[in-house]
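Based on the sequences and whatever the hints tell you, model everything.
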Amino acid sequence: MGAAAFWVPDLIVHHFHLETPTGLEILLPLTTAAAFCISGIFRHASGSRLLSPRMLLGIWLCGPLYQLVSGILERPEQMSGMALLLLLASTLVFPMTTFIAATYDMTLLALFYASGGLVLLFVLDFAFVRVRRLARKESV
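The numbering of the sequence shown is our numbering, which starts it at 1 and goes up by one.
Simulated from the structure, these hints should not be mistaken for laboratory data.
Take the hints with a grain of salt, since some may be wrong.
To be verified - Lysine to any residue pairs mimicking SDA-like chemistry, simulated, CA-CA at most 20 Å apart: (1) 137 / 127; (2) 137 / 126; (3) 137 / 125.
This one's a predicted model, so the numbers in the text were calculated from it and none came from an experiment.
This is the structure in structure tokens:
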């Protein structure tokens, strides 16, 4: 869910060849806002405090997959049978390959913004829960 919220706008921009400066300027707030909105919607619906770390893991873990899909959409004739093997190998070392792929894809800044924001949401959520517990203890 987090991976789709972050990487699908990137796929759309690259599929329609919107790699102009305007397209890339739109990509930064679009991917970050999509990750935050999906996090907020599902956090509110499920009530789970662990949603942000799961989304963060999904974004980083599925980075190589979405880069492979983007490559297949752009140049299907250049993809070979080694694509699945490449996907498996890059998923095993996903932090490094996601970082490299996002740098190549020009979404590194958006990746850092979304990652930092989701970590911040996770920390703030735990801080507010702690404050609520302390307030309830004092009022009882």
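**Report entry** residue 137 paired with residue 126 [C-alpha distance capped at 20 Å]
**Finding:** 17 Å, holds
Query - Restraint status (C-alpha distance of residue 137 to residue 127 at most 20 Å) - result: This hinted pair holds, its Cα atoms lying about 15 Å apart.
Query raised in the report: Given the hinted pair residue 137 and residue 125, is their alpha-carbon gap at most 20 Å?
Result: 19 Å, holds
Violated hints for the displayed structure: none, as all numbered hints are satisfied.
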